[in-house]
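Number of protein chains: 2
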Amino acid sequence: MDNSNPEALITAALNWRYAVKKFDPKRRITAAQWDVLQQSLVLAPSSYGLQPWKFIVVSSDEKKNQLPEACWGQRQPADCSHFVVIAARRKADPDFVKHFIRSIAETRGLAEESLQSTADAILGKLQRMGDDHLPWTARQCYIPLGFLLQSAALLQIDACPMEGIMPDRIDPLLGLQDTEWTSVVACALGYRAADDPAAQQARVRFPASETVVHL
Amino acid sequence: MDNSNPEALITAALNWRYAVKKFDPKRRITAAQWDVLQQSLVLAPSSYGLQPWKFIVVSSDEKKNQLPEACWGQRQPADCSHFVVIAARRKADPDFVKHFIRSIAETRGLAEESLQSTADAILGKLQRMGDDHLPWTARQCYIPLGFLLQSAALLQIDACPMEGIMPDRIDPLLGLQDTEWTSVVACALGYRAADDPAAQQARVRFPASETVVHL
Chain F
1 MDNSNPEALI
11 TAALNWRYAV
21 KKFDPKRRIT
31 AAQWDVLQQS
41 LVLAPSSYGL
51 QPWKFIVVSS
61 DEKKNQLPEA
71 CWGQRQPADC
81 SHFVVIAARR
91 KADPDFVKHF
101 IRSIAETRGL
111 AEESLQSTAD
121 AILGKLQRMG
131 DDHLPWTARQ
141 CYIPLGFLLQ
151 SAALLQIDAC
161 PMEGIMPDRI
171 DPLLGLQDTE
181 WTSVVACALG
191 YRAADDPAAQ
201 QARVRFPASE
211 TVVHL
Chain L
1 MDNSNPEALI
11 TAALNWRYAV
21 KKFDPKRRIT
31 AAQWDVLQQS
41 LVLAPSSYGL
51 QPWKFIVVSS
61 DEKKNQLPEA
71 CWGQRQPADC
81 SHFVVIAARR
91 KADPDFVKHF
101 IRSIAETRGL
111 AEESLQSTAD
121 AILGKLQRMG
131 DDHLPWTARQ
141 CYIPLGFLLQ
151 SAALLQIDAC
161 PMEGIMPDRI
171 DPLLGLQDTE
181 WTSVVACALG
191 YRAADDPAAQ
201 QARVRFPASE
211 TVVHL
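Protein chains in written order, with the numbering used here: chain F, 1 to 215; chain L, 1 to 215.
The shape of chain F in the complex, shown without the other chains (with noise of 0.2 Å):
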């Protein structure tokens, strides 16, 4: 991987990654690692900037092998190193929109009043939802979902984005029933088997002839 100029190694890493179904169970992320791959969960955007999200993130093997269960057997939960499940707020309630308004001021130093017309788009938003926000926060989860996958393909992690979990069988074991937060999607980052037969088949892809189209 040249790392010379960034243009070669954003393209030598989406050449590289895939979507790995065999992962090495012996091998882990190093804290430091980890620690570059949570700021690109953390510090992505989200409309607003609300972050409706949790990221629980699955190392130790006792959870990790509760794991397939949820996951329809798949085993790239209990075999990679870190499982992150991205979960989204079923409902960004006024508590939550008051509270990231706060969390606005107090990085700003601003007066919580000065941010009403701030509070009162985000809250007009919700309010045209009705009262089912998942749809909407559940997208945002697959930001943080891009940001991680590319940064573990710049650091030559692999990884696995998996839709396949069960909501009410995996939050349960996320701690996340009976709350405001349900799992939305996944993703299993760690080293690829060396006999993983997914590494073998070529990547396809729609020619860019067909899904980009320039105006």
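Mixed in with the good hints there might be a few duds.
As the list claims (entries may be wrong) - Straight line, CA to CA, 30 Å or less: simulated DSSO-like cross-link-like pairs of lysine-lysine: (1) K21(F) x K125(L); (2) K98(F) x K21(L); (3) K22(L) x K98(F); (4) K26(L) x K125(F); (5) K91(F) x K125(L); (6) K21(L) x K91(F); (7) K21(F) x K98(L); (8) K21(F) x K91(L); (9) K22(L) x K22(F); (10) K63(F) x K125(L); (11) K63(F) x K98(F); (12) K91(L) x K125(F); (13) K91(F) x K91(L); (14) K98(L) x K22(F); (15) K22(L) x K125(F); (16) K125(F) x K98(L).
What the hints assert, rightly or not - Stretches of chain L that chain F covers, calculated by requiring three or more beta carbons in the stretch to come under 8 Å of a beta carbon on chain F: (17) 9-20; (18) 29-38; (19) 59-66.
Stated by the list, open to error - A few chain F residues that don't get close to chain L, going by computed Cβ distances all over 12 Å: (20) E7; (21) A13; (22) K26; (23) R27; (24) R28; (25) E69; (26) R90; (27) E106; (28) E113; (29) S117; (30) Q127; (31) C160; (32) E163; (33) G164; (34) R192; (35) A193.
Hints listed in this document are in silico derivations from the structure and should not be mistaken for laboratory results.
A quick note: this is a predicted structure, and the numbers were derived from the prediction, not measured.
Even glycine gets a Cβ: it sits at the ideal position worked out from N, Cα and C.
Given chain F, work out where chain L should sit, using these hints.
Chain L in isolation, oriented as in the chain F frame:
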């Protein structure tokens, strides 16, 4: 920006980026830079690899100037260099799935019939969704958005992700009316104006102790 190791490059990029409010309308992304950004979109992963998206890239002044009125009057679509709209497929109908299966077969030199179990898995999932696939296809669109934003930051290209687009107004401008595709989310790309007020604002994030749970 320190290019000597990817950890430092990523951390610097994550902290460098912010949502630009005011672009410099005179500065343009080069063709070589755009190529890397486009690869970041095209090579981003999606559930099953189905890619239920199109990327509409607006870089002509004439077309960009038509966009603010379809974006709540925001100026970023007109003043940026490249405005990318990510559109989702309203319905991933059996013809689209067949087209995808054919793409796998051609890329990997397989008989389409050998991919029947893959086709059945996708069709089964879609059938369980009912007629409205947009809540799911729209989520997928946020993955390439994440890749695009992070690649831009790594290249020190400014960006502003935008949900504030009106599909009913922007779709006709993009040639999406009466098609299977509808605009979901967008991203303005280019360079910040010297007097962009947003550049001075401290980044607001909940502390990791609140959003990250380790198990």
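Hint by hint, here is what the structure shows:
As the CA atoms of K21(F) and K125(L) are separated by approximately 20 Å, the hinted pair is consistent with the 30 Å bound. For the proposed pair K98(F) and K21(L), the alpha carbon gap of about 24 Å is at most 30 Å, so the pair holds. Only pairs whose Cα atoms come within 30 Å are accepted, and K22(L) paired with K98(F) is accepted, the gap being roughly 27 Å. Straight-line distance between C-alpha atoms of K26(L) and K125(F) comes to about 33 Å, which puts the hinted pair past the 30 Å bound.
Straight-line distance between C-alpha atoms of K91(F) and K125(L) comes to about 26 Å, which keeps the hinted pair within the 30 Å bound. Under the criterion of a C-alpha separation no larger than 30 Å, the hint pairing K21(L) with K91(F) is consistent with the structure, at around 28 Å. For the hint linking K21(F) to K98(L), the alpha-carbon distance of about 24 Å falls within 30 Å, and the restraint holds. Taking the CA atoms of K21(F) and K91(L), the gap is about 28 Å. The hint holds against a cut of 30 Å.
Of the supplied pair hints, the one linking K22(L) and K22(F) is violated, its CA atoms being roughly 46 Å apart against a limit of 30 Å. The hinted pair formed by K63(F) and K125(L) meets the criterion: a straight-line CA distance of about 28 Å does not exceed 30 Å. About 34 Å separates the Cα atoms of K63(F) and K98(F), which puts this hinted pair outside 30 Å; it is violated. Pair hint K91(L) plus K125(F) holds up; C-alpha atoms about 26 Å apart against a cutoff of 30 Å.
For the suggested pair K91(F) and K91(L), the alpha carbons sit about 26 Å apart, so the restraint of at most 30 Å is met. For a cut-off of 30 Å, the pair hint linking K98(L) to K22(F) stands: about 27 Å separates their Cα positions. With a C-alpha separation of about 23 Å, the suggested pairing of K22(L) with K125(F) holds against the 30 Å cut-off. Proximity of K125(F) to K98(L) is assessed by CA-CA distance (about 38 Å); at most 30 Å being required, the pair is judged violated.
Counting residues of the region 9-20 of chain L whose beta carbon lies closer than 8 Å to any beta carbon of chain F gives 7, which reaches the threshold of three, so the coverage claim holds. With 4 residues carrying a beta carbon less than 8 Å from a beta carbon of chain F, the region 29-38 of chain L meets the three-residue requirement, and the given coverage holds. Remark: the region 59-66 of chain L is confirmed as covered by chain F, as 3 of its residues place a Cβ nearer than 8 Å to a Cβ of that chain, reaching the required three. Non-interface status of E7(F) relative to chain L is broken: a Cβ of that chain comes within 12 Å, the nearest being about 5 Å off.
In this structure A13(F) is not separated from chain L by more than 12 Å, as the shortest Cβ-Cβ distance comes to only about 8 Å. The Cβ of K26(F) sits about 20 Å from the closest Cβ of chain L, beyond the 12 Å cut-off, so the non-interface label holds. R27(F), annotated as away from the interface, keeps every beta carbon of chain L farther than 12 Å; the closest lies near 18 Å. For R28(F), the shortest C-beta to C-beta distance to chain L comes to about 14 Å, beyond the 12 Å cut-off, and the non-interface label holds.
Against the 12 Å criterion, E69(F) stays outside the reach of chain L, whose nearest CB is about 16 Å from its own CB. Every CB of chain L lies more than 12 Å from the CB of R90(F), the least distance being 15 Å, so the non-interface label holds. Listed as a non-interface residue, E106(F) fails to keep its Cβ farther than 12 Å from every Cβ of chain L; the least gap is roughly 9 Å. Distance check on E113(F): its Cβ is at least 17 Å (rounded) from any Cβ of chain L, clearing the 12 Å threshold; non-interface status holds.
Distance to chain L confirms S117(F) as a non-interface residue, since its nearest Cβ pair spans about 15 Å, more than 12 Å. Once the 12 Å rule is applied to beta carbons, Q127(F) is consistent with being away from chain L; the minimum gap is 16 Å. The Cβ of C160(F) does not lie farther than 12 Å from every Cβ of chain L; its closest approach is about 9 Å, which violates its non-interface assignment. E163(F), annotated as away from the interface, has a beta carbon of chain L within 12 Å; the closest lies near 5 Å.
At roughly 9 Å from the closest C-beta of chain L, the C-beta of G164(F) falls inside 12 Å, breaking its exclusion from the interface. With a least CB separation of 15 Å from chain L, R192(F) remains clear of the 12 Å interface cut-off, as annotated. No Cβ of chain L approaches the Cβ of A193(F) within 12 Å, the least distance being about 19 Å, so the stated non-interface status holds.
Comparing the model with each earlier hint shows violations of hints 4, 9, 11, 16, 20, 21, 27, 31, 32, 33; every other hint is respected.
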